[in-house]
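*Asks:* Please build the complete structure, drawing on both the sequences and the hints.
Each chain, written out:
There are 2 protein chains.
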Amino acid sequence: MTRFLGATQTLVADSLIGFVAAHEELVAFGRAAKFVRRRALHPGKVAVISGGGAGHEPLHCGFVGAGMLDAACTGHVFTSPTPDQILAAMDETDTGAGCLLVVKNYDGDVMNFEMAAEMAAGRHRVETVIVEDDAATGPSVRSRGRRGVAGTVVVEKILGAAAERGEDLAALKALGEGLSGRLRSMGVALRGVTSPDTARATFALGPDEMEIGVGIHGEPGLYRTGRAGPAEIVRLLCEPVLAQLAPLDGARPLLIVNGFGGTPPIELNYAHALARAFLRERGIVPARALVGTFVTSLDMAGLSVTLALLSPAEFELWCAPVTTPALVW
Amino acid sequence: MTRFLGATQTLVADSLIGFVAAHEELVAFGRAAKFVRRRALHPGKVAVISGGGAGHEPLHCGFVGAGMLDAACTGHVFTSPTPDQILAAMDETDTGAGCLLVVKNYDGDVMNFEMAAEMAAGRHRVETVIVEDDAATGPSVRSRGRRGVAGTVVVEKILGAAAERGEDLAALKALGEGLSGRLRSMGVALRGVTSPDTARATFALGPDEMEIGVGIHGEPGLYRTGRAGPAEIVRLLCEPVLAQLAPLDGARPLLIVNGFGGTPPIELNYAHALARAFLRERGIVPARALVGTFVTSLDMAGLSVTLALLSPAEFELWCAPVTTPALVW
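If you're matching them up, the sequences are chains P and H in order. In this text, residue positions in the first sequence follow my numbering: the first is 11, and each later residue adds one. In this text, residue positions in the second sequence follow my numbering: the first is 11, and each later residue adds one.
Treat the hints loosely; a few may be bogus.
The list treats identical chains as one, so a pair stands whether inside a single copy or across any two.
As the list claims (entries may be wrong) - Straight-line C-alpha distance at most 25 Å; calculated SDA-like pairs for lysine to any residue:
no.: 1; residue 1: K183; residue 2: P93
no.: 2; residue 1: K55; residue 2: T138
no.: 3; residue 1: K44; residue 2: P240
no.: 4; residue 1: K44; residue 2: A287
no.: 5; residue 1: K55; residue 2: V120
no.: 6; residue 1: K44; residue 2: A299
For the record, the hints were derived by calculation from the structure and aren't laboratory data.
*Replies:* Next comes the structure, spelled out in structure tokens:
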């Protein structure tokens with residue numbers, strides 16, 4: 011409804027041109043602009059490759075760089091990249107140690123990354139890690155299991171850091187699979203996504219309504235309810251996240267408060283304070299927090315809370331240096 | 011209309027608690043939480059201090075850290091910090107070389123920072139730099155001259171880097187004043203700011219309208235017009251910016267595309283591509299660009315374009331290392 015965008019045909023391609031131009035010291039277009047790659051590859055290291063539909067920026071291209079991804083493939087808005095794009099990224103960034111594909115759990119993404127891996131047989135050694143952190147979905151709700159949402163940042167950062175340290179393909183796959191049970195997210199929307207094609211919101215919320223358990227593609231949530239106060243909203247997000255997390259002795263909790271695109275920093279910081287208070291009452295003190303706009307759903311107003319119970323080794327990988335357009339430390 | 015926020019009484023304080031907790035390795039609260047300061051001060055260096063009303067996050071607290079600000083004072087939403095807050099920041103961060111105050115050009119901010127400087131007489135050497143980059147305003151429109159908007163990031167970064175290199179108070183003031191004529195911004199809104207007090211938009215735009223020349227406090231713009239296509243919108247922002255910039259031989263142009271809070275990265279990157287195309291047609295190639303959400307107006311949908319014609323020395327200061335919550339390189 012309130013979008014700046016007009017030219018839906020070229021929106022994704024033009025936006026990527028603007029992105030690469032803003033970060034040309036870190037990233038470059040791959041062949042025929044099929045993907046975005048790290049400017050300087052690191053020979054002998056496993057190539058970590060991800061991707062998905064556009065509309066989730068800065069995910070995934072914003073995480074291409076030293077200590078995280080080697081390449082990211084972007085499809086049309088909310089549409090998987092093609093196997094051809096993914097294969098091109100493998101061809102250009104595999105320097106001999108193989109490719110690790112990090113894939114959010116959606117039918118289209120899983121299918122196209124699988125197809126690319128099959129096409130790569132004989133040319134690349136390939137392993138795949140599926141991200142499935144959305145506490146609002148599960149095997150009982152969707153045949154493919156839980157959706158991949160903001161927890162994708164955790165998986166890409168930790169696997170990227172491990173690859174940078176020289177871990178091999180099998181070790182990276184085991185690391186990614188080990189994270190799966192200890193990583194959950196839950197989101198709330200106060201205004202739906204404006205579809206670039208129709209300029210209409212994908213679901214309409216009244217001024218006194220909110221949608222709990224939303225995805226990042228304009229999917230309706232688990233349920234709609236009356237607008238609660240901020241502390242209550244945060245409770246409705248944190249409780250299902252905590253309930254689904256597999257406990258881990260000696261865990262270093264990582265907390266992420268992620269904006270969906272239409273929510274400003276003042277609100278995200280506020281939600282972060284509330285989430286910390288909620289966790290503190292339950293004896294949980296985050297060892298590190300990340301607050302900002304990392305996995306969006308175009309201009310959706312709302313946010314998600316992610317909690318990861320990391321092992322000390324995983325936590326060290328989270329804290330390792332990273333230099334990407336959207337994450338630097 | 012679509013806000014997450016509820017508790018307006020404690021919103022700013024709670025949001026700052028969340029902010030400091032997320033970045034505790036870089037920043038800390040000053041005495042009585044009156045301001046946010048750099049965790050590790052750098053003795054003998056001029057203290058660079060800024061501040062303003064809340065609602066513009068990550069400005070100013072997000073720019074506290076090595077290579078930029080020593081302290082930032084936050085008032086209530088769209089309300090200047092008090093002289094008492096500013097004086098407390100000076101007392102705690104002046105390590106002997108004096109204080110440089112960076113102030114956006116609004117009556118309330120200018121008055122309160124002036125009052126703090128007077129109260130500091132005999133205790134601190136103080137100089138002030140006023141930021142006035144908004145091409146939509148000027149001496150003919152408002153008695154105080156042009157408003158300070160997204161160009162504030164340029165002034166804070168360059169003066170912060172110069173202070174870090176040991177420049178003294180007089181040199182920093184001259185550097186700041188020198189930038190003034192070569193720094194301009196212009197903004198567009200597609201949806202007004204939702205006031206936290208009333209939960210209503212400060213100005214109402216129809217779905218086919220846009221407001222050109224908006225400020226960052228919900229002020230209406232220079233004019234309202236029908237919704238144009240993206241390239242036309244960018245032209246309406248870039249033309250007045252270019253027209254008002256004092257030329258500089260050998261300038262290194264810096265381009266900023268800044269989101270106002272309710273606009274996601276995909277749109278900002280797209281606008282960046284369009285702004286580059288506009289400038290290229292006029293023979294201007296940005297030496298560096300910054301694209302993201304840096305100076306907000308709560309959840310306003312829209313963006314601004316800033317252009318700075320930097321001297322090679324200023325450009326080097328822009329590129330110098332910085333480690334703050336919102337800007338790292």
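*Asks:* Go through the copies and call it for K183 and P93: within, between, both or neither, with a Cα cutoff of 25 Å.
*Replies:* within (21 Å within a copy, 56 Å between copies)
*Asks:* Could you figure out if K44 and A299 sit no more than 25 Å apart (CA to CA) within one copy, between two copies, both or neither?
*Replies:* between (33 Å within a copy, 23 Å between copies)
*Asks:* Please work out whether the CA atoms of K55 and T138 approach to 25 Å or closer within one copy, between two copies, in both situations, or in neither?
*Replies:* within (16 Å within a copy, 51 Å between copies)
*Asks:* At most 25 Å between CA atoms: does that hold for K44 and A287 within a copy, between copies, both, or neither?
*Replies:* between (44 Å within a copy, 21 Å between copies)
*Asks:* Measure nothing new, just compare the shortest in-copy and cross-copy C-alpha distances for K55 and V120 to 25 Å and report within, between, both or neither.
*Replies:* Classified as within: same-chain Cα gap 24 Å, cross-chain 54 Å, threshold 25 Å.
*Asks:* Is it within, between, both, or neither for K44 and P240, if the alpha carbons may be no more than 25 Å apart?
*Replies:* Between copies, since 24 Å is at most 25 Å while 42 Å is not.
Checked against the numbered hints above, the structure breaks none of them.
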